[in-house]
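Start counting the sequence shown at 1; every next residue gets the next number (UniProt numbering).
Honestly, the hints are just simulated from the structure, not real lab data. Any given hint could be a false lead.
Said to hold, decoys possible - Derived Cβ-Cβ restraints for the label pairs, each shown as a range:
id : residue 1 : residue 2 : range
1  : S456      : D1016     : 56 to 62 angstroms
2  : G1002     : E550      : 30 to 36 angstroms
3  : G455      : T359      : 42 to 48 angstroms
4  : A227      : A940      : 41 to 47 angstroms
Beta carbons: idealized from backbone N, C-alpha and C, even for Gly.
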Amino acid sequence: MRPHIPNGRATKAALALLSVLAVVKAAALILIAQGVASGLAGAFAGHTDWRGAALTAAAGVLLRGLSEWGSLQAGRWAAVGVREDLRARLVGAALERGGSVGGGADDADRRVASSAAATAVLAVRGLDGLDSFYTAYLPALVQCAAVPLLVGLRILGADWVSALIIALTLPLVPIFMILIGKHTEDRVSVAQQALARLGSHLVELAQGLPVLVGLGRAAEQRKALRALSEDFSNRTMGTLRVAFMSSLALELLSTISVAVVAVFIGIRLVSGDMPLEAGLLALVLAPECFQPVRDLGAAHHASEDGAEALRRAEDAIAAPAGTRLSAADAAGRADAGQDERQDEGLPNGPAELCVERLTVRYDGRARAAVQGLSFTAPAGEATLLAGPSGAGKTTVLLALAGLVRDGAGATVSGRVSGAEARRIAYVPQHPQFTEPTVAAELELAADGLAPKSMGSAVYRALEAVRCADLAEASPAELSPGQQRRIAVARGLLRVEAGATLVLFDEPTAHLDARSASAVETAIASLRGRATVVLVAHDPQTAALARTRIELVPTEGIEDHESPAPSSRFAVSERDVDAAPARRGEVPDSEDRPWLGSLWRLIRPDLSRYALAALSGAGAAAAAAALAGLSGWLIVRAAEHPPILYLLAAMVGVRFFGITRAALRYAERLATHSAVFSTLTRLRDRLWEALTSKGLSARRLLVPGAALESLVADAESVRDELPRILQPIATAVLLAIGALVAVGILLPAQLPVLALAIVVSVVVAPLATAWADRRGARATQQGSARLLESIGQALAAAPDLAANRLVGPVLARLRAEDKRLTALERRGVAAEGLGRALVILATGLAAAATLATPATAGVATSTAAAVVLVQLALAEPLAAASSAVQRIPALGSALARVGATSDDDAPRRTRSGGGAPGPANAGLSIDRLSAGWPGQPNVLANLSAKAAPGEWLVVAGPSGSGKTTLLAVLLGFLPPRSGSVEASGRIAWCPQESHLFDSTVRGNLAISRDRTEVPSDAELWEVLDRVGLGDHVRSLPGGLDSRIGSRGSELSGGQRQRLAVARTLVADAAVVLLDEPTAHLDPQAAQELISGLHSALVDRSVVMVTHRASELRDGDLLVRLDALDDGVRRLALVG
1 MRPHIPNGRA TKAALALLSV LAVVKAAALI LIAQGVASGL AGAFAGHTDW
51 RGAALTAAAG VLLRGLSEWG SLQAGRWAAV GVREDLRARL VGAALERGGS
101 VGGGADDADR RVASSAAATA VLAVRGLDGL DSFYTAYLPA LVQCAAVPLL
151 VGLRILGADW VSALIIALTL PLVPIFMILI GKHTEDRVSV AQQALARLGS
201 HLVELAQGLP VLVGLGRAAE QRKALRALSE DFSNRTMGTL RVAFMSSLAL
251 ELLSTISVAV VAVFIGIRLV SGDMPLEAGL LALVLAPECF QPVRDLGAAH
301 HASEDGAEAL RRAEDAIAAP AGTRLSAADA AGRADAGQDE RQDEGLPNGP
351 AELCVERLTV RYDGRARAAV QGLSFTAPAG EATLLAGPSG AGKTTVLLAL
401 AGLVRDGAGA TVSGRVSGAE ARRIAYVPQH PQFTEPTVAA ELELAADGLA
451 PKSMGSAVYR ALEAVRCADL AEASPAELSP GQQRRIAVAR GLLRVEAGAT
501 LVLFDEPTAH LDARSASAVE TAIASLRGRA TVVLVAHDPQ TAALARTRIE
551 LVPTEGIEDH ESPAPSSRFA VSERDVDAAP ARRGEVPDSE DRPWLGSLWR
601 LIRPDLSRYA LAALSGAGAA AAAAALAGLS GWLIVRAAEH PPILYLLAAM
651 VGVRFFGITR AALRYAERLA THSAVFSTLT RLRDRLWEAL TSKGLSARRL
701 LVPGAALESL VADAESVRDE LPRILQPIAT AVLLAIGALV AVGILLPAQL
751 PVLALAIVVS VVVAPLATAW ADRRGARATQ QGSARLLESI GQALAAAPDL
801 AANRLVGPVL ARLRAEDKRL TALERRGVAA EGLGRALVIL ATGLAAAATL
851 ATPATAGVAT STAAAVVLVQ LALAEPLAAA SSAVQRIPAL GSALARVGAT
901 SDDDAPRRTR SGGGAPGPAN AGLSIDRLSA GWPGQPNVLA NLSAKAAPGE
951 WLVVAGPSGS GKTTLLAVLL GFLPPRSGSV EASGRIAWCP QESHLFDSTV
1001 RGNLAISRDR TEVPSDAELW EVLDRVGLGD HVRSLPGGLD SRIGSRGSEL
1051 SGGQRQRLAV ARTLVADAAV VLLDEPTAHL DPQAAQELIS GLHSALVDRS
1101 VVMVTHRASE LRDGDLLVRL DALDDGVRRL ALVG
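Starting from the given sequences, assemble the full structure and let the hints guide the process.
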């Protein structure tokens, strides 16, 4: 299949320039052939004037170097321009749609292809494949149209028989290309889909790392990751075997065709039927007729990944975005583009929000999530959406924010007024961030404010939520409670910037009493400034609303008519809410040693790399020997020896031709097999490092950072290894062999060849490095950072789209991409310079050899062999020059990998599986003191015990040490003094427990070993205990119903219940629960706590909570903000 060529200005300009350069290259080849043929023919005839021929050949060499440099420049410039435009359009479409691209059938491939992680991988790693399309396929395509025609015409002028043979055999090459290309088309698509699936799976694993570690399942998922990587490698290698086999067939066909030409020339020279110059001219030019077609075949297969990525990107961009609810007016539904026009002429103050007959039904669900809802929210007041968990409250907010759209995964109907897109601020349950610091994040949210007032506005917003000391902290390093307060501050700034409708979804979940009070005060301050729609299960937060709208559940959910009260723990006056320490930051990798990492990485596959190097050197040597022997054969035939005398040389020509093709095939297979094996091991090593660090490297669990570590850096190592190790090894071995051969055949030429090799392997790389000025390293780092930025932006896409912040973030990403484009264009100019220098050095050395028959008295046949050998050195030595340029990029990638896996962040000291426990069963904490590296103690002299059946309830404000205590219990943070002992296995349910993009069954079963798969009865029992059984039974697939990425098809409360259920399935001796009722209404929270007490009657439990109402008689309360040890045994009455 012919790859689709983008029809843009950059492509048209590149095609025009490449066409001119193809004509220049054809002229250069003819000049080189003419100079070589006339020089050798003159020497054979005894003429001593070789200078004219040498100058003709030198002029051809100069032109060829210019054409090679220009083709590379034109192709890469077009590639980066097209890629930049496509990337911006793809990311922009994904951000506007809330992080995914495309909708449609609910199948695994479509889900994978449309996920935020897969979109990020496609936008960066996938579209990078366009480089091969523009730098290899497009130039080869243009040259196929020009070079064979022009060169063939020159051969026709010299020898019509040779021209006829070429005309008959040349069309066979594209026929074979088409047939083999059809065979590999489907395989390439499957391999591309496997890459997308691998990228999504890697990010899923990284995001769910706290869950996997807390359940003791990280080691098993490490095996799954290894199996997935091996499956990807096997699929890709299967495709490559077929693709490389097609290249082998093309090589053999071209070689046989040229051999036939050489045999006919030799026979006619022996019989005296043609002049030597014509024979030499035809021999030198014949391979050049086939070379563009061979290049096109190789480039076609190399560009298939880019072509497939291009197709996927264009499909994603063209996918329907759906219709916003807020785009409907009295006349009916309009397109989303009307939002901008609707804002014109609107009043500046808050408006009344009117919702009429709102119905939302998610695709694949039998019942509507929201059915016929109508309500009015008074202007400038707070309105509460009330109802039990799963009643559709969050769905209403998502529909108002434009994140649930008709025709994009859901059917949405109804009418709304007062919810204009540019006037909405949205504070979600699970906020995501895109900027490196809290201050930068809030400055983004303040988009629209005057620059001079932005700083003070940001400070006021931080003060309002008691986060003024977090301005320079990284959002990724904050606790969930702190992140929620930053999201509230972001909402306040959107109001400052002009928003008049604010949607709050559980703004006080995960907050202690003081922080919750600050958030409630901030929300109350919006009265009269904005219309507020509030979802809150906490009664104190819900009391802010003057209007209450009750949502009636539409499916399998018990309606709690009279919610129980929920009280918070009071907080002592001691301020413990400090800025977080930077934990596990990946340090600057610029100066980290990487050669040792490289050796350790490739050592297990050293035999494969050695086989690849020897095969590559053998293939290059066979190509040089083929050229040299062919030249010797033709000149020797002109001496009219007996035909039998030349048969050995004819056999040698065929032997070297076949050997070159076979060794090239072996080299490609060995190289890629070694690299894929190395990549699998590298990913395994990175996963082990992340598993070891866990909570101590929170930054690495951010979606963008996970993409950077597990995909960008690992893929960079994969890409750079074959581009560096193989060409350098081949060039070194080939240079040594060429020096030895020329030293034997033509000692007088040895100094010239040595100089040419020094220029090729020393001067050209140095010139390339000088012109590049560390651009390759900067490009690799920029590409990794861009992938991280895009990954994090797409993870935060719902927040950005709802708050109308897509524009500024997309502009920043475009600016980042433009900087990367500038670096790449500088790098390709440097690469072109190096290749041109190598072509000049080897070509001029070959031209200088034309003088040796006259100056050194050597046989013309020997000189012909040496001339053609030197011309054959250009390609492999030029590849080595490009490889040297890429060494800094490989070093940077390896250093970043080393920084992820080798830094001094705390590593896990306790296994999730649990070793034999202490003499007394349960959990024992004895005089524990702990803190993060470089920071003072957060916990000091803490002692507590929880026997089986006992609950240790931990309370305290944000920053008081709750996460630190959990990190110590899980073994991520070693105690500075004291000890922790647990009997048996520990299972942990984090605050924001990640749900995998799988089924209900899959999310529950992941907490058990594969050999201990829970039965359906066990799963239903656990789901009933946490109050989720009725809802799951109402789903079309029951336990096998998919829940979406991060549980997107469940409400916040349902996600929390499922996470708790998963922890119960783990059947651990010690259970750690981190705010298990954060997203539940008070009645549901009380029922869940009671159910947990019954389910965990023989387990030791540690529960972190901010709700005093969740305490039970006999619980051991640990107040981390108390002045003494803070441990109290509760005896509650009533």
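Supplied distance hint 41 to 47 angstroms, evaluated on CB atoms of A227 and A940: For A940 against A227, whose Cβ atoms are near 45 angstroms apart, the range 41 to 47 angstroms holds.
Outcome of range test on Cβ distance (S456, D1016; 56 to 62 angstroms): Since the Cβ atoms of S456 and D1016 sit about 59 angstroms apart, the hinted range of 56 to 62 angstroms holds.
Range agreement (Cβ of T359 with Cβ of G455, hint 42 to 48 angstroms): holds, 45 angstroms
Status of the given 30 to 36 angstroms range, CB of E550 versus CB of G1002: With a Cβ separation near 34 angstroms, G1002 and E550 satisfy 30 to 36 angstroms, so the hint holds.
Comparing the model with each numbered hint stated earlier shows that all of them hold.
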